[in-house]
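Number of protein chains: 2
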Amino acid sequence: MHVLIVFCHPEPDSFNGALRDVAIETLTSQGHSIEISDLYAEEFNPVEGPTHFPNRADPDVFFPLTEQRHAFESGSLPGDIRREINRLERADLVILQFPLWWHAQPAMLKGWFDRVFVYGGLYSGGMRYDRGRFPDKRVICSVTTGAPASTFSRHGRSGHIVTLMWPIHYSLYYLGVQVLPPQITYGVQGGGLSYEAEAEFRERLEAEKSAWAQRLEGLAGESAIPFAGWSDWDERGMLDETHPWAWRL
Amino acid sequence: MHVLIVFCHPEPDSFNGALRDVAIETLTSQGHSIEISDLYAEEFNPVEGPTHFPNRADPDVFFPLTEQRHAFESGSLPGDIRREINRLERADLVILQFPLWWHAQPAMLKGWFDRVFVYGGLYSGGMRYDRGRFPDKRVICSVTTGAPASTFSRHGRSGHIVTLMWPIHYSLYYLGVQVLPPQITYGVQGGGLSYEAEAEFRERLEAEKSAWAQRLEGLAGESAIPFAGWSDWDERGMLDETHPWAWRL
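Residue numbers (the numbering used here), protein chains in the order written: chain A, 1 to 249; chain B, 1 to 249.
Hint data in this document are derived by calculation from the structure and do not stem from the laboratory. Treat the hints with caution; some may be incorrect.
Short, incomplete list of chain A residues facing chain B, as computed with Cβ under 8 Å [unchecked claim]:
no.: 1; residue: 107
no.: 2; residue: 113
no.: 3; residue: 201
Predicted model only: the values in this text are computed from it and were never measured. Just so it is clear, CB atoms sit at the ideal spot from N, CA and C, and this is done for glycine as well.
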């Protein structure tokens with residue numbers, strides 16, 4: 001297996017960095033090859049906009065999708081985007097390693113979605129969902145949160161983690177990849193702890209690292225999250241009320 | 001009323017720009033004052049990271065929240081963040097005007113959340129939700145989508161819009177502001193239309209602009225989306241199964 005780890009954290013020595021290292025060690029020892037997109041270290045520019053498209057399809061008005069398609073088709077995509085697409089194409093498994101900031105991926109990783117998932121190249125109206133370009137590619141989000149697990153339960157104060165992950169997972173379904181259930185590590189807080197609390201916290205994090213390593217070892221046998229497809233939707237792009245999927249929350 | 005419009009689109013002449021102009025015209029004609037955060041025009045940097053914190057609380061390891069709190073308390077927040085906080089503080093109503101890109105706000109606006117909602121300043125463990133700093137501030141998202149409305153229905157192919165807006169709204173609940181139901185303008189696609197389709201499309205957009213103007217005129221009378229508060233959650237940060245809120249989807 002060739003694995004791409006998209007690492008999004010400003011601090012290499014963060015717990016996100018430790019989880020990245022666990023993935024590298026575990027997967028390498030299993031004989032897999034690894035590639036890293038270290039978005040902060042590589043100073044990825046997450047802001048989609050006209051600066052990236054010197055050869056415009058429409059020089060007067062900037063429509064992002066129009067310019068993405070034009071740049072893809074004319075071979076004038078920016079170098080960083082070509083690099084990221086090549087990395088994506090090579091990978092059998094993609095691990096997105098990031099902290100949950102304001103109930104979503106950090107801007108840096110959001111912009112990686114905005115810029116790398118190129119319209120007319122990686123997807124289009126006819127190349128989405130189960131007609132997508134990457135039907136065999138598997139993607140897993142490994143996410144850290146600050147608040148504890150109970151607050152992310154269905155009735156928790158932080159919001160149900162399933163709902164919070166939905167837009168991210170939906171983007172991946174849209175792209176047509178196989179989305180594995182995410183690895184969520186709750187209650188990761190940096191700094192300001194007492195010595196005793198710090199020691200206990202460190203011990204818990206070691207257990208979380210082991211759990212991640214153990215899961216990675218068996219990842220090849222895991223099934224993706226089920227999702228609807230083109231044969232399920234009607235001409236309005238909706239599920240009929242009688243469709244079994246319509247009764248899934 | 002003093003109104004802050006946070007405008008996030010790379011193209012001033014986009015339909016998002018037109019909706020921004022509708023808001024300016026409508027609210028000004030009602031005697032309200034307006035301020036604009038034009039994130040692209042002002043080249044806002046959405047990437048939270050160590051470069052913004054020259055005076056570090058912890059020079060060895062970068063914990064974003066630790067540095068945000070330290071910078072706020074020591075008066076060393078970056079100039080752009082102080083400006084955005086001042087704009088937020090002045091505003092009675094905040095309009096977030098943006099397109100839905102990959103099922104969420106563009107990276108530019110996501111980073112505005114990441115960097116401007118400063119820990120230890122705009123919120124903290126004890127200053128969140130209905131104990132937040134801005135209990136009387138009202139916020140509304142005005143969002144455009146590419147796909148048509150039916151696909152964003154509860155059983156739609158694009159994902160239920162209520163679920164897609166949840167993480168963004170949740171961040172606003174967390175900050176403790178009053179969140180108004182969003183204004184969603186569906187099916188806004190730029191470029192590539194035939195002349196006839198373009199004419200029909202333009203006509204529909206004019207109707208959408210009128211609808212937004214009409215809604216803005218009556219916005220002062222609208223109620224915020226109800227949300228749970230500290231008296232609802234137990235010591236685990238959860239709603240009890242018998243709590244009425246636990247039975248809201």
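Against the structure, the hints:
1. 107: holds (3 Å)
2. 113: Since the shortest Cβ distance to chain B is 4 Å, the answer is holds.
3. 201: violated (13 Å)
This entry does not satisfy hint 3, going by the numbered hints stated previously; all others are met.
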